[in-house]
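Here's the letter readout for the chains.
Number of protein chains: 2
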Amino acid sequence: MSNQHTYRAEKVVQRIEQLATITEERGCVTRRFGTPAFIEGAALVKEWMDQAGLQTKIDSIGNVRGRWQSNHSGAKTLVIASHIDTVVNAGKYDGPLGVIMAIDLIEQIKSKNISLPFSIEIIAFSDEEGVRFHTTFLGSQVITGSFNHEWLQKKDADGISMQEVIEGFGKNGTTLAQDAIPPNEWLGYFEMHIEQGPILYDKNIPVAIVLSIAGQKRIAVTLNGMAGHAGTVPMDKRSDALTAAAECILKIENYAIQQKESLVATVGTLQIPHSAGNVIPGEVHFTIDIRSGDKNFLNEATSSIHSICNEVVTKRNITIQWQLVQETDPVATDKNLKHLLRKAITESDIPVVELVSGAGHDAVPVARIAPIAMMFIRCFKGISHNPLELAAPEDIAQALKVADAFMENLIDHYSSFS
Amino acid sequence: MSNQHTYRAEKVVQRIEQLATITEERGCVTRRFGTPAFIEGAALVKEWMDQAGLQTKIDSIGNVRGRWQSNHSGAKTLVIASHIDTVVNAGKYDGPLGVIMAIDLIEQIKSKNISLPFSIEIIAFSDEEGVRFHTTFLGSQVITGSFNHEWLQKKDADGISMQEVIEGFGKNGTTLAQDAIPPNEWLGYFEMHIEQGPILYDKNIPVAIVLSIAGQKRIAVTLNGMAGHAGTVPMDKRSDALTAAAECILKIENYAIQQKESLVATVGTLQIPHSAGNVIPGEVHFTIDIRSGDKNFLNEATSSIHSICNEVVTKRNITIQWQLVQETDPVATDKNLKHLLRKAITESDIPVVELVSGAGHDAVPVARIAPIAMMFIRCFKGISHNPLELAAPEDIAQALKVADAFMENLIDHYSSFS
Chain R
-12 MSNQHTYRAE KVVQRIEQLA TITEERGCVT RRFGTPAFIE GAALVKEWMD QAGLQTKIDS
48 IGNVRGRWQS NHSGAKTLVI ASHIDTVVNA GKYDGPLGVI MAIDLIEQIK SKNISLPFSI
108 EIIAFSDEEG VRFHTTFLGS QVITGSFNHE WLQKKDADGI SMQEVIEGFG KNGTTLAQDA
168 IPPNEWLGYF EMHIEQGPIL YDKNIPVAIV LSIAGQKRIA VTLNGMAGHA GTVPMDKRSD
228 ALTAAAECIL KIENYAIQQK ESLVATVGTL QIPHSAGNVI PGEVHFTIDI RSGDKNFLNE
288 ATSSIHSICN EVVTKRNITI QWQLVQETDP VATDKNLKHL LRKAITESDI PVVELVSGAG
348 HDAVPVARIA PIAMMFIRCF KGISHNPLEL AAPEDIAQAL KVADAFMENL IDHYSSFS
Chain P
-12 MSNQHTYRAE KVVQRIEQLA TITEERGCVT RRFGTPAFIE GAALVKEWMD QAGLQTKIDS
48 IGNVRGRWQS NHSGAKTLVI ASHIDTVVNA GKYDGPLGVI MAIDLIEQIK SKNISLPFSI
108 EIIAFSDEEG VRFHTTFLGS QVITGSFNHE WLQKKDADGI SMQEVIEGFG KNGTTLAQDA
168 IPPNEWLGYF EMHIEQGPIL YDKNIPVAIV LSIAGQKRIA VTLNGMAGHA GTVPMDKRSD
228 ALTAAAECIL KIENYAIQQK ESLVATVGTL QIPHSAGNVI PGEVHFTIDI RSGDKNFLNE
288 ATSSIHSICN EVVTKRNITI QWQLVQETDP VATDKNLKHL LRKAITESDI PVVELVSGAG
348 HDAVPVARIA PIAMMFIRCF KGISHNPLEL AAPEDIAQAL KVADAFMENL IDHYSSFS
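Chains R and P are the protein sequences, given in the same order. So that you can map any letter, position 213 of the first sequence is 200 in my numbering, and since no number is skipped, the others follow by simple counting. So that you can map any letter, position 210 of the second sequence is 197 in my numbering, and since no number is skipped, the others follow by simple counting.
If you are wondering where the hints come from, they were derived from the structure by calculation, not from laboratory data. Bear in mind the structure is a predicted one, so any value in this text is a computation, not a measurement. Be careful, since some hints might not be right.
Any copy will do: because identical chains look the same in the list, a pair fits if it lies in one copy or spans two.
Claimed, not checked - Using 25 Å as the maximum straight-line C-alpha spacing, the simulated DSS-like pairs for lysine-lysine come out as follows:
(1) Lys238 to Lys224
(2) Lys63 to Lys247
(3) Lys302 to Lys238
(4) Lys325 to Lys63
(5) Lys330 to Lys190
(6) Lys141 to Lys204
(7) Lys142 to Lys(-2)
(8) Lys282 to Lys368
(9) Lys142 to Lys282
(10) Lys302 to Lys368
(11) Lys224 to Lys97
(12) Lys330 to Lys204
(13) Lys224 to Lys190
(14) Lys224 to Lys368
(15) Lys224 to Lys204
(16) Lys44 to Lys97
(17) Lys33 to Lys282
(18) Lys79 to Lys224
(19) Lys224 to Lys282
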């Protein structure tokens, strides 16, 4: 690793640490959309963008935007972005790493005094995690013009509406549409983000190309059997909704393990209403989260898991309600951008790893209107959404080297066209 | 069935209905220990005992007691009892049926003008369910001298202590010891109660002899794995505490089904702290309730279930905490009393069914100091602790006939000794 990249990675880490001190609650990192900590964090990121010589603004949804306008007539815009909101008691790297690396990347290119064949806009999205309003991608949906204005009436846990939150940081819900980048102006989208999974850590490789972002189905299941006295109902007279749920959960796990190359499936929540230690559970609610990078297989797997659950409950004299509560299709990254990123990784002497992202990212809404590319950076043991979340400075340095090469490849590519 | 027993059963049902109208909340039956509804219900039961010509009182713990003193010198006391407190949104029969049938039984014997070789005391226990203070058997523990005076400081959900509740109905915690019936004064104990299970309903038989009351172990289990992102952690890299719990639950069920003649085992509660649909559960809490009429087998089964859980978690790289939080030994009913009850059932032309009670009853603390007998009465589909709880008038009539015969057998038996 060159001294230059090591030095730049150290600066990125310093900024990561500085931003992490801005939090709703001392002792942990929490910056939910629109909170005072969020507003203070956005101001700091804007300051860094100002220092990088970008034309900066905070838009109506709270995105921090820094623009470097190309002199070429009709130049399109490359957006380099990630988010700066966090979950509650978050890590420091999920989101901020991509934003802070992007600023460093631009400072690097600016120092070379080149003529840019496209404009670059760095965006620190204001709400990717969706913790406060149970929405995701608020920032990137404004940028892509897919924001639903009805969401302004949504209320947080304290009864404060999204409209009021936006007014709280001095903006106005009525101007949101003006903040979109029209589809014909996009050159493409590039996001750098920690992997949030263990594959790079296990392979001992610093970065990966994202092939696609997995599609997802979220199902809410309710099983109804017959509650009863734990002491008086013999084992063979029971309709226990929990043992039925347990059999479903095990069979879902087993099915997903069989298909582990292309699928993950998770039962994340389970509730037994009015439960007591001495009562046979009569009703159980649980959720199933199913993800795959392949749309057809996602549909097929969801259907198979539904059949598996139906078989279990029929055998046990239990009724089932199966409700699809959320679904998103898988999103592929752009072939040309991926080619340039793959080239950059090879030029940096790093083995090429290609991953499906199991997590959603701001690239998902962007992919509807523009070509996207994503690079993952290894994180310690795959841990994320946790104070232990960590990207090593050596890996950040490697990632900066790859990103430099990617930007050179892109500039070369589009300069040859102009 | 004789007209006499049918008529008496109708009167019992009328009183059941009348008592059920006295409730904390309109539209359901709820009379927790010491509440205004409880106090009003106790006064009504005392009135019925007065009408039956018994010497009545309400003791320091709120038990309603009606005594018929024998003229024989040194006569011991037969206690016939059940409870009049209820769970929240209870049925009408669990408890009150035994008390109201006992009053009817005594009225019947009194009308025969016989010389009683033992005294009889009917007791309507004030707290069997333990809903308010998370205790059980308060009433019967006072009667048997096993009440722990530290419990007086326990507080209910509203912060009211048991001492204050007792003072609220005009009694005093300091006189509780005086309300015990000394061990040497007991002839025995007889309780009539709905089965609260489906066996008599399935066998189509109105009553059963209780062989024993099952012993019970209550275990609190905590499993710890590793929380993770539901999208990014591959299936073969997970330490999912919920799928581990599911495998434990299924294997516990399977073990109990294999041993169904002598065991029930129930996982009644399960919680996932901080759960979310898109997070792999890192921690799961659940409880296991294990019951058997055979003490050695109960110990053996508990140990087997512990081993089963240990095997599951070891294989899955999950840690387990296993905490025994409650245990009671099985309690056998008295051989002689059981013989007299069996004789009464046969004399009533009813097939003899002998059951282990999976539910606890006031007979449990009494069994430590006196011989006990219990008769179960069939309930509709085994449903209990539920507004649908029902004992059919025909079955109550049959049970009264058996109880008459049992009392005759007892009186004959002890008259021949005196």
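Do the hints match the structure? See the list:
1. Lys238 to Lys224: both (23 Å within a copy, 18 Å between copies)
2. Lys63 to Lys247: neither (40 Å within a copy, 73 Å between copies)
3. Lys302 to Lys238: both (14 Å within a copy, 17 Å between copies)
4. Lys325 to Lys63: within (19 Å within a copy, 94 Å between copies)
5. Lys330 to Lys190: within (20 Å within a copy, 78 Å between copies)
6. Lys141 to Lys204: within (23 Å within a copy, 48 Å between copies)
7. Lys142 to Lys(-2): neither (38 Å within a copy, 58 Å between copies)
8. Lys282 to Lys368: neither (28 Å within a copy, 48 Å between copies)
9. Lys142 to Lys282: Cα proximity of Lys142 and Lys282: none, with 33 Å in one copy and 56 Å across.
10. Lys302 to Lys368: between (41 Å within a copy, 21 Å between copies)
11. Lys224 to Lys97: neither (75 Å within a copy, 42 Å between copies)
12. Lys330 to Lys204: This pair counts as neither: shortest intra-copy Cα distance 34 Å, inter-copy 64 Å.
13. Lys224 to Lys190: So Lys224 and Lys190 pass the 25 Å test across copies only (13 Å; inside, 51 Å).
14. Lys224 to Lys368: between (46 Å within a copy, 10 Å between copies)
15. Lys224 to Lys204: This pair counts as between: shortest inter-copy Cα distance 21 Å, intra-copy 35 Å.
16. Lys44 to Lys97: within (19 Å within a copy, 95 Å between copies)
17. Lys33 to Lys282: neither (38 Å within a copy, 72 Å between copies)
18. Lys79 to Lys224: The answer is between: 23 Å across copies meets 25 Å, while 53 Å in one copy does not.
19. Lys224 to Lys282: between (42 Å within a copy, 23 Å between copies)
Hints 2, 7, 8, 9, 11, 12, 17, counting from the list given before, are not met by this structure.
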